[in-house]
Amino acid sequence: MHYKFTNKKISGILSVVPENCVKFEDEINNYGFSQEKMINLQKVIGFNERRIVKGNECTSDLCIFGLEYLIKNNFIDKNEIGAIIYITQTPDHFMPPTSFIIHGKLGFKDDVLCFDINQGCAGYLYGLLQAFLLLEQLNNRKVALLVGDTLSRRAYYKDRNVYPLVGDAASVTIVENTDEDNEILLNMITDGSRNDWLIIPAGAFRIPSSEHTRKIKHYPDGNQRSKEHLYMNGPGIFMFTQTDVPRAIKEMSQFASLPLEKVDYFMFHQANRFILEKLAHKLGVPVKKMPNNIVEKYGNSSSATIPLAICDNIGDAIVDDSFLIFMSGFGVGLSLGMLIMKVGPLDFCDILEM
Amino acid sequence: MDRLLEILGRIRPECNFETAKDFIGEGLLDSFDIMTLVSELEREFNIFIDGEKVTPENFKNLRTLKKFIKEYLDLGNSELVVEKTPRS
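If you read the sequences in order, they're chains A and B.
Quick note on this note's numbering: the first sequence kicks off at 1 and runs consecutively.
Quick note on this note's numbering: the second sequence kicks off at 1001 and runs consecutively.
None of these hints come from the bench; they were simulated from the model.
Honestly, I wouldn't trust all of these hints.
What the hints assert, rightly or not - Partial chain B-side listing against chain A, Cβ under 10 Å, derived: (1) K1021; (2) D1030; (3) F1032; (4) S1039; (5) L1062; (6) K1067; (7) I1069; (8) L1073.
Said to hold, decoys possible - 30 Å max Cα-Cα, derived DSBU-like pairs, lysine-lysine: (9) K1053(B) x K105(A); (10) K288(A) x K1021(B); (11) K1060(B) x K282(A); (12) K297(A) x K1067(B); (13) K250(A) x K262(A); (14) K1066(B) x K227(A); (15) K1021(B) x K105(A); (16) K250(A) x K23(A); (17) K282(A) x K1066(B); (18) K1021(B) x K250(A); (19) K250(A) x K1053(B); (20) K43(A) x K1066(B); (21) K1070(B) x K37(A); (22) K1067(B) x K282(A); (23) K1067(B) x K158(A); (24) K1053(B) x K282(A); (25) K1060(B) x K217(A); (26) K1066(B) x K37(A); (27) K297(A) x K1066(B); (28) K1060(B) x K227(A); (29) K43(A) x K1053(B); (30) K1067(B) x K37(A); (31) K289(A) x K1053(B); (32) K158(A) x K1060(B).
What you are looking at is a predicted structure, and each value in this text was computed from that prediction instead of being measured.
Ideal Cβ placement from N, Cα and C applies to all residues, glycine included.
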């Protein structure tokens, strides 16, 4: 469904990554890769190094670290926040909502609306959509949109389909009303029929955790994982990114009456370098306009990859200038979100290490 | 087309691609192997493969893969050959 908003803006983005950096070359023995294969995968997919939490840190810890930094350095006033939207697939608990935990730890006012949304790769778009809807009621209060995941804790180290790709990260985005009459267009597409293509099959209520679900199994492709680890239908997801995604991007471009060459940057979910290069080619977009360097520097951190790509690639420029950005997130669900808006100049756009 | 077997052998040296009937179903190739294979084929045959053509059917076994590559190399079938200049 298409959505259209005006008089809303992103006023700042802060991404937070764990200090712990792991290198692909140190992990190749987990997968039985030869040196030659490692070099190929580094070149093609972009495997290099990634940031993952070292122990039991949660996504909310990264978010709180970022929020505390913003409050302490006067980038945001806690009292101005009217809502906290928390997008993650790695909550602290089944209940309560993690946004309430964040609210409590940071002492936000009791009229601050808090809720969690379970979303991944398209999560940033879901969060922005919710923020824009809420701002219709919030007047001069702002939305703190928190997105991120620590899925390294749910990926098995001997599953080469997933583990070398996954990174942990979070991002804080402040969204607010503005007098600027800027048009924001969104389109969200849902395909629940492919819900098992990216899934952690067991450990919740449909298949509760048990000795059986925790047992590591060997699969024909040589990968190992339990039913409580992240599974990805790799070939299926790849096809999704090469068929559904470019088709939807082109349709969105037509809906917006916006030729793609007029877009300054395509900040897309950082699935991996190969997928993004193929997408850029398919869309006829210069690779330099569609950054694909996040997997090689940080890993794929689901909903946090779009804000991380913005911070890493144009963080310095966007605090002084504005850019027309086409964002797209695609993956778990399956979900596909697209957004076109002018972003900048921002009050802040940076990356912190925790 | 022996080059094809050489490329496959470089990606998964431990697998017998000549006898396998279903590379993906039998676990010879995972998604990253397929992406690596596409990249290697592009380099080896100087083609640019449209991601939309990277289907499980085309990459099912040696026969389908040979047919797929042959179509790319066949100048008469320009629909599959998107262009000959890969990434910048």
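Evaluated hints:
no.: 1; hint: K1021; result: violated (13 Å)
no.: 2; hint: D1030; result: holds (5 Å)
no.: 3; hint: F1032; result: holds (6 Å)
no.: 4; hint: S1039; result: holds (4 Å)
no.: 5; hint: L1062; result: violated (17 Å)
no.: 6; hint: K1067; result: violated (18 Å)
no.: 7; hint: I1069; result: violated (18 Å)
no.: 8; hint: L1073; result: violated (19 Å)
no.: 9; hint: K1053(B) x K105(A); result: violated (50 Å)
no.: 10; hint: K288(A) x K1021(B); result: violated (40 Å)
no.: 11; hint: K1060(B) x K282(A); result: holds (23 Å)
no.: 12; hint: K297(A) x K1067(B); result: violated (38 Å)
no.: 13; hint: K250(A) x K262(A); result: holds (13 Å)
no.: 14; hint: K1066(B) x K227(A); result: violated (36 Å)
no.: 15; hint: K1021(B) x K105(A); result: violated (57 Å)
no.: 16; hint: K250(A) x K23(A); result: violated (36 Å)
no.: 17; hint: K282(A) x K1066(B); result: holds (24 Å)
no.: 18; hint: K1021(B) x K250(A); result: violated (37 Å)
no.: 19; hint: K250(A) x K1053(B); result: holds (18 Å)
no.: 20; hint: K43(A) x K1066(B); result: holds (25 Å)
no.: 21; hint: K1070(B) x K37(A); result: holds (26 Å)
no.: 22; hint: K1067(B) x K282(A); result: holds (23 Å)
no.: 23; hint: K1067(B) x K158(A); result: violated (34 Å)
no.: 24; hint: K1053(B) x K282(A); result: holds (12 Å)
no.: 25; hint: K1060(B) x K217(A); result: holds (25 Å)
no.: 26; hint: K1066(B) x K37(A); result: holds (22 Å)
no.: 27; hint: K297(A) x K1066(B); result: violated (36 Å)
no.: 28; hint: K1060(B) x K227(A); result: holds (27 Å)
no.: 29; hint: K43(A) x K1053(B); result: holds (21 Å)
no.: 30; hint: K1067(B) x K37(A); result: holds (26 Å)
no.: 31; hint: K289(A) x K1053(B); result: holds (24 Å)
no.: 32; hint: K158(A) x K1060(B); result: holds (25 Å)
Violated hints, in rising order: 1, 5, 6, 7, 8, 9, 10, 12, 14, 15, 16, 18, 23, 27; the structure is consistent with all others.
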